[in-house]
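Visitor: Please model the complete structure; the sequences and the hints are all you need to start from.
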Amino acid sequence: MDELDWLEAQSIYILREAYSRIGEPVLLWSLGKDSNVMIWLAKKAFLGNIPFPVMHLDTGLEFPEVYAFRDRYATDWNLNLISDPCPPIEETDPTLPPASRLSARKTLGLKQALARYGFSGVIAGIRRDEQATRGKERVFSPRAEDGQWDFRDQPAEFWDQFTAEYPAGVHVRIHPLLHWTEIDIWRYIARERIPVVPLYFARDGMRYRSLGEIGITFPIESQAKDIPAIIRELESTREPERAGRAMDHESEDAFERLRVAGYM
Amino acid sequence: MAHDVIPLVRAPHGRAMPIVIVGHVDHGKSTLVGRLLHDTNSLSDAKVAQLRAMSAKRGLDVEWSFLLDALQVERDQGITVDATQVWFQTLRRRYVIIDAPGHREFLRNTLTGAASADAAILVVDAKIGVSEQTRRHAYLLNLIGLKQVIVAINKMDLVGGDRDRFDDVASEVGEYLAGIGVRPLASIPVSAKHGDNIATASASMPWYRGPSLVEALDAHEPLPPPAQGPLRLPVQDVYRLGDRRAIVGRIESGRLSVGDELRFAPHGATARVASIEAWGRAERQVSAEAGESVAITLDEELFVERGHVASNLDGRPLETSVVIAKVIWLDRQPLVAGRRLSLRLNTARHDVTVDAIERVIDVDTLTDAAADRVDQNGVALLRLRSKRPMLVDSFASSPRTGRGALVDGYRVVGGCIVEQTLVDSVDNTAERRLTSDVRGANGGDSSPVIWLTGLSGAGKSTLATALQRRFTARGLRSHVLDGDELRRGLSSDLDFSTQARSENVRRVAEVSHLFAEAGMTVIVALISPSAADRAHARKIVGGGFREVYVRADLETCRSRDPKGLYARAKAGEVRQFTGISAPYEIPTAPDLVLDTTGASVERSVGALEQFVDTNFGTGRAAKALNPEPEAGRLAKRAAAMLRSSESHARSIAKAVSWRATGSLDTFVVALLITGNTRLAGGVAATELLTKIGLYYLHERVWALLPWGRRRTVELQGR
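From first to last, the protein sequence lines stand for chains D and G.
For what it's worth, my numbering labels the leading residue of the first sequence as 1, then goes sequentially.
For what it's worth, my numbering labels the leading residue of the second sequence as 265, then goes sequentially.
In case anyone wonders, no lab produced these hints; they're calculated from the structure.
Some hints could be false.
Computed list of lysine to any residue pairs in SDA-like fashion (alpha-carbon distance at most 25 Å, straight line) [unchecked claim]:
#: 1; chain 1: G; residue 1: K411; chain 2: D; residue 2: P219
#: 2; chain 1: D; residue 1: K43; chain 2: D; residue 2: A190
#: 3; chain 1: D; residue 1: K43; chain 2: G; residue 2: R519
#: 4; chain 1: D; residue 1: K43; chain 2: G; residue 2: K311
#: 5; chain 1: G; residue 1: K311; chain 2: D; residue 2: D2
#: 6; chain 1: G; residue 1: K651; chain 2: G; residue 2: D626
#: 7; chain 1: G; residue 1: K311; chain 2: D; residue 2: S236
#: 8; chain 1: G; residue 1: K411; chain 2: D; residue 2: W6
#: 9; chain 1: G; residue 1: K321; chain 2: D; residue 2: E235
#: 10; chain 1: D; residue 1: K43; chain 2: G; residue 2: V965
#: 11; chain 1: G; residue 1: K955; chain 2: G; residue 2: V965
#: 12; chain 1: G; residue 1: K311; chain 2: D; residue 2: P219
#: 13; chain 1: D; residue 1: K43; chain 2: G; residue 2: A542
#: 14; chain 1: D; residue 1: K43; chain 2: G; residue 2: R545
#: 15; chain 1: G; residue 1: K311; chain 2: D; residue 2: F151
#: 16; chain 1: D; residue 1: K43; chain 2: G; residue 2: K321
#: 17; chain 1: D; residue 1: K43; chain 2: G; residue 2: A546
#: 18; chain 1: G; residue 1: K411; chain 2: G; residue 2: V289
#: 19; chain 1: G; residue 1: K321; chain 2: D; residue 2: S236
#: 20; chain 1: D; residue 1: K43; chain 2: G; residue 2: I540
#: 21; chain 1: G; residue 1: K311; chain 2: D; residue 2: V260
#: 22; chain 1: G; residue 1: K311; chain 2: D; residue 2: I183
#: 23; chain 1: G; residue 1: K311; chain 2: D; residue 2: E235
#: 24; chain 1: D; residue 1: K43; chain 2: G; residue 2: E553
#: 25; chain 1: D; residue 1: K43; chain 2: G; residue 2: L422
#: 26; chain 1: D; residue 1: K225; chain 2: D; residue 2: S236
#: 27; chain 1: D; residue 1: K43; chain 2: G; residue 2: E547
#: 28; chain 1: G; residue 1: K457; chain 2: G; residue 2: D428
#: 29; chain 1: G; residue 1: K803; chain 2: G; residue 2: S823
#: 30; chain 1: D; residue 1: K43; chain 2: G; residue 2: E541
#: 31; chain 1: G; residue 1: K321; chain 2: D; residue 2: F151
#: 32; chain 1: G; residue 1: K803; chain 2: G; residue 2: T852
Here's a subset of chain G near chain D, in silico, CB distances under 7 Å, partners left out [unchecked claim]:
#: 33; residue: R279
#: 34; residue: A535
#: 35; residue: A538
#: 36; residue: D563
#: 37; residue: G679
Coverage of chain D stretches by chain G, computed from C-beta distances (three or more under 8 Å per stretch; other residues unrestricted) [to be verified]:
#: 38; stretch: 5-12
#: 39; stretch: 15-21
#: 40; stretch: 115-126
Think of the CB as a built atom: it goes at the ideal place given N, C-alpha and C, for glycine as much as any other residue.
Guide: This is the structure:
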């Protein structure tokens with residue numbers, strides 16, 4: 001087994017644990033590279049057919065290419081897609097910086113969806129290497145009734161003995177990609193030929209390295225027009241992955257506050 | 265001090281080796297991590313700038329620990345709250361550092377981090393020397409089986425790079441490690457703050473000739489999952505793929521190939537691997553090894569569910585209800601004997617009682633003593649007893665399957681490794697082993713008691729024995745309590761008066777209860793005509809009781825009448841005969857009604873089996889992932905037809921004799937037409953061979969079609 005085989009096997013194990021032990025899971029599909037890999041892994045875990053719904057938290061502000069991608073692959077991959085609009089910005093915490101407020105809409109949208117559909121588990125494609133607070137995450141991470149993440153009191157988690165049972169009102173976030181890195185993701189996309197939104201590839205010397213909504217996501221300078229070029233670029237870059245995400249940089253703890261409140 | 269920084273090369277491809285950094289709080293773990301990242305050129309410029317800004321804001325020099333202490337509270341208080349992971353790479357390979365907090369109350373986070381590492385760096389302050397948590401963490405590493413340990417004697421700058429001080433501390437650590445059976449890979453004098461001996465050799469300690477920290481790490485290999493050991497495939501789930509069932513799970517050790525015969529514990533049934541299923545793979549997979557998450561199908565339908573373990577026929581896990589486990593107790597509330605907990609072993613979950621606290625281990629002095637409680641973060645040997653047998657390996661023989669977690673309600677309260685597996689002669693009988701599994705599926709309080717009630721001749725005993733046969737074939741043990749048999753023994757003193765019948769029902773219910781208590785699935789075949797008696801039986805048996813009304817019209821029962829009872833009753837020879845001269849109270853709310861009037865035994869017992877499976881999870885319906893393809897089902901039925909019934913030899917003999925006659929005709933006709941003996945012989949021989957084959961198949965199919973054949977299975981009433 002090489003590195004990618006090992007990562008794949010571990011993620012499949014986590015997805016199967018989630019399905020076996022969580023009553024009503026839902027898989028979050030942000031349409032970015034990571035969640036596409038996650039869909040792919042779920043298809044592998046469940047032998048071609050994902051047995052639970054896939055949810056897109058739609059702020060209405062995605063790039064047109066992203067919507068086109070969603071509509072095509074929801075059909076091609078035979079996904080049971082839920083896509084409800086997120087609540088308006090007025091409903092978010094006004095003390096948050098502007099870009100963070102936009103992201104907070106997703107947190108609210110998620111809470112509403114959890115209540116509406118009764119999901120008890122949310123499978124999300126975050127990775128430890130993306131952002132420092134994500135590095136502190138558990139694979140099965142409980143969220144209190146208000147969606148809050150209590151990083152001071154996380155369950156012990158070792159030897160893949162995840163904690164999936166919680167009192168009513170608590171939902172679990174499941175993170176099957178926690179142990180992957182950005183470069184692993186691209187190597188896997190290349191190996192498996194997983195489709196991605198074309199915005200990741202350079203056009204006019206610019207490309208998106210991390211994909212979010214219009215207005216809070218910005219492209220980076222790049223000549224990488226295909227996956228091998230992206231991998232080469234990542235092998236020598238000095239820039240962090242989320243440099244183009246405004247909400248991470250508004251204040252020292254902006255992202256931490258978002259995550260504690262329930263953001264992915 | 266100037267330092268060479270390893271040139272930026274991003275070539276190594278391969279599994280990132282997970283390493284954990286442990287040690288006493290404030291001995292410099294986080295700083296060491298920051299330094300490792302910096303000196304291997306693994307930090308982005310933006311990250312360094314961010315770090316400088318965060319440090320300056322707090323009036324500090326570059327504070328490397330902020331890299332890992334990502335949370336506001338951690339930076340403000342200068343402590344690490346939870347484990348985190350960061351990546352770096354050397355010329356040799358990629359690493360992922362799991363930084364575990366040293367603070368005492370966060371030991372569970374340390375354990376969480378350390379459990380997934382292949383190697384550890386134990387950080388010790390050169391000035392302070394070995395502290396309580398140095399020992400505790402080292403002990404913990406050993407407990408969880410981490411043997412690749414590098415000792416970093418840190419803050420050498422604070423002792424002026426003094427060689428004697430280093431030797432003292434190094435030997436102190438070495439002695440402790442030797443006491444727990446660990447030989448460190450290296451002991452290195454470092455200064456995380458200044459980068460001495462981290463990535464490159466230090467000029468400030470010329471007396472040290474050993475490897476730098478990075479060199480020491482590079483000299484060792486990540487540990488692959490044990491592909492060479494005995495096969496262990498703990499079952500995670502069962503999925504339905506059309507009419508096939510795929511057993512999914514991760515191979516913890518060993519390997520398997522298509523065609524291998526596997527044994528499934530606890531019931532011990534065996535079957536061969538028919539296929540390894542995968543989506544999105546170009547070529548068909550024929551074998552898999554430790555570390556892989558697989559989905560396999562078997563050549564025979566077996567009852568398999570989460571918690572079962574597949575192994576080879578030899579070298580299988582032990583089944584026992586008592587284990588001695590070494591436990592690290594993480595809960596604030598002390599552990600006392602008698603405490604009930606859940607033990608998670610692989611994919612199984614067992615209700616266990618702490619039978620006894622055998623010894624509590626003092627990790628400072630490495631002595632052990634008897635004690636009546638284990639405090640938070642304490643280590644102890646416990647005797648754990650489970651209600652039903654557990655499938656265990658000792659940690660020494662199979663580390664990945666010989667370890668588990670202790671759970672109290674919603675919380676993981678401890679980690680444990682199986683020190684000793686004990687054979688418990690009382691609880692480990694085959695009977696108990698097999699059916700107690702059913703009982704667990706039923707909520708843990710009682711095994712099923714399937715109470716078949718109905719008229720004499722309705723088919724109760726026939727169904728009971730047929731169901732038992734099916735269970736046995738699936739590796740499930742059950743016991744039949746038949747009215748006739750009981751009348752000959754247990755109730756031989758009773759007549760058929762209403763009162764005596766009540767007493768009979770009561771006795772059968774009590775006996776069923778005892779069997780169920782012992783973990784047996786009980787199938788009762790008893791007329792039990794009184795609704796009140798049956799209600800009483802339900803009360804005696806408890807939660808596992810299911811009333812099944814086996815119905816057949818009186819005419820059918822009479823026509824079956826295998827013992828001639830109906831005839832005798834009609835003649836007045838048998839008094840108080842249910843349905844003739846005594847009432848039968850039809851159940852008003854049975855759990856299941858089976859009408860055997862026109863149905864074959866096969867169909868009825870099929871329905872009954874399904875009922876038990878659904879009610880007690882014995883065959884827990886596999887989760888359907890794909891709709892069942894019609895063609896596959898038909899092919900399977902045809903294959904089944906070719907398998908059974910008439911002896912193969914007989915079919916062959918019939919086919920040969922019939923065809924030989926036919927081919928003789930062909931030969932004669934061909935000879936007449938061609939006049940060529942050889943040609944005619946060839947024609948006849950070809951025909952003979954092809955038709956024998958066809959006829960044989962034809963015979964086999966006919967042998968299975970019931971049409972026009974006399975029913976051979978008789979319903980035997982009581």
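Visitor: Broken hints, numbered, in rising order?
Guide: 1, 4, 5, 6, 9, 10, 16, 19, 25, 29, 34, 35, 36 and 40
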